[in-house]
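Asks: Please model the complete structure; the sequences and the hints are all you need to start from.
Line by line, the protein sequences are chains A and B. All residue numbers for the first sequence refer to our numbering, where the first residue is 1 and numbers rise by one. All residue numbers for the second sequence refer to our numbering, where the first residue is 356 and numbers rise by one.
Note that these hints are calculated values from the structure, not bench results. Even glycine gets a Cβ: it sits at the ideal position worked out from N, Cα and C. You can take every hint at face value.
Taking lysine-lysine and the DSS-like style, the derived pairs with C-alpha atoms no more than 25 Å apart in a straight line are: (1) B:K525 <-> B:K499; (2) A:K141 <-> B:K367; (3) A:K141 <-> B:K364; (4) A:K200 <-> A:K107.
Here are some of the chain B residues that sit facing chain A, going by a computed Cβ distance under 8 Å: (5) I478; (6) I481; (7) A484; (8) P486; (9) L488; (10) V497; (11) L631; (12) L660; (13) D667.
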Amino acid sequence: MLNYIIRRLLIMPIILLGVSLLLFSIISLMKPIDRAKAMFTTDIPNRLRDWEGLIEKFGLDDPVYLQYWHWLVGIEDPDTGDIRGGILRGNLGYSWSGRSSVADVIKRRGPASAELVLWSAFPIIGFGIWMGVKAAVHHNKLIDHILRFSAIAGWSIPAFVIGFLLIMYFSSRLHWFSPGRLTLEVGQIVQSEGFVNYTKMHTIDALLNLRLDVFLDALRHLVLPVITLSVTSWAFLLRMTRFSMLETLNQEYITTARAKGLHEDTIVRRHALPNALIPVITVGGLALVGLFNGVVITEVIFNYPGLGSFLAESAIALDLVSVAGVTLFFSVILVVANLVVDILYMIIDPRIRLD
Amino acid sequence: MTLGMVFTKLLKNPIGILGLILLFAFTMIAIFAPMIAPVPENSFDPQMIPKGGFSRSPQPPSEEHLLGTTGAQYDVFYGVVWGTRTAFRIGIGIAICTTLIGLMIGAIAAFFGGWVDELLMRITEIFQAFPFLLTAIILTSVLKYVYERGEGGVMILVIRALALVIFGIKPSEIIEPNQLTFLFGMIAIIMFGWMEVARVIRGNILSIKHSEYALAAQTIGAKNSRILFRHLMPNALFPLLVIVPMNIGSYVLTYAALSFLGLGVEEGYADWGQMLSLARNWILSLNDHVHIVLYPGAAIVLFVLAWNMVGDALRDILDPRLKGSQSKAIKV
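Replies: Written as structure tokens, this is what we have:
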């Protein structure tokens, strides 16, 4: 098992290298001025004739491999002697739509997206697994058909249609929920001095500050986005769990358990479910991709100020630097998550552990 | 199991038959679009939705506009009907390209093995490390710039080839801007949509590579290419029956998401995602303009649902691991 983990750890830098190469090849298609912004957080001169000097200064007409190297580790500014850029130093370029470096934008807007994803995890995992098991246990009965169909339907509804329908009914007609992250007054409390922002995730901060009113307000704003974001991944997990559970229930050791006269509930909960969940873990990475895609759409619909809506705004404004920077950030998370999933799988699955 | 048998079983599966009926209906709408929603005489491109009036807010359904109009007075009925053609073009066009690329890479990796396999699979993994929608977003915007600059010879070749296949535009003709943006979105999704097919094909070929009939072909001295294309491929292709329909659904969804964000087709193009993006301007009063969300939204959902139902039914039919589970699994 140790060998496998070491192998995975060795492969990860190669994957990251490939990811960076691919992204760099996209960046190198951009205009020189965009490349300067993408590669070296810097003050961009307004006048056209000053750009020439910029190209020379940052070696934007150097051979490609040299440019790639500069993009990775940065380049020394001949005027001041500082090192500019370098994604390995955390410099993801300058975002003009965010009016700061991309790294700062991520720090500023990332927690909002993280909060959204975190809250969505509860309904996705809880309902997805529970309903998947229900469907498998009642295979080919009415409840199985209903759940299976609702999973296909959930898988087929785009997030923006769900979002619109929810807004139509709950915001526009019933006025229960409103867009954004907080109501104006509560936003002022969060900004005030007495309120400490530990994580910048409002629900968690509110609990840490013992402010129930802030917590409830933040939660109220999260309800519709969380539902919108969850549906697709929930459907995905339901299908995976159902499929894996059906396979497990077909195994001989389950028949043995039945022959022993165990109660069906015990068989499902103690014998089948833990084993059925192992393959479900392996699709964790895939589910995360779905969540990231969903975050962009969900945040746009609900005017939720996270990284996803920032990405959409900067893409429409053709601020490619920001798009590339945020994409790189999401990709690194994904690579690391996949590694964690793989190792977790190794640790949990006894068949592999004992090899 | 032959293709005919699969089809017969599909017709007996309730979810499968529902999906097939829906697909048939959509095909009919796409074919007879000019009769269902006639193109106005002054229209230069039937895919562009005609405008009906100068009012600022969306108009409810009336005799003139069966399903009402959107905020910019685009006719919803026309858009929904002609959007069917767009959806088929997107789904099937992208699916053909990604399936071919995936087939090639998966087959080469599995057949040659060794370092070739290792290299191709690592490349696949790298492409999978990107969130689908985000890369599509960045690619559509970069492609626009590259094409306008006239650089990137390969890219222009790809765009030309796609234009020929999708719209029937000959290399000597000019591609209209709205068709161009349509193709950019497709290319972006194709580039990051082939990995699943590649992995599945590789896994399948690997499992049948050492089968007896492949060995037999080898012993009688058949060429590598013959073994690959005559013996291994047809058997490895079966799982594609499940994957491809589902992929078509997800490509249409991804494209709709791009259009929704304003990065897919241009405003006014008969595309369901684009029509829904117009509803974003009326988000606070959606309750009064239900029709601008309901009809295009229902069209997308039903279209994707149809493909997914067919795929799901095929999975139940084809997956040998689930065979007999009906009789054995739960009989308590």
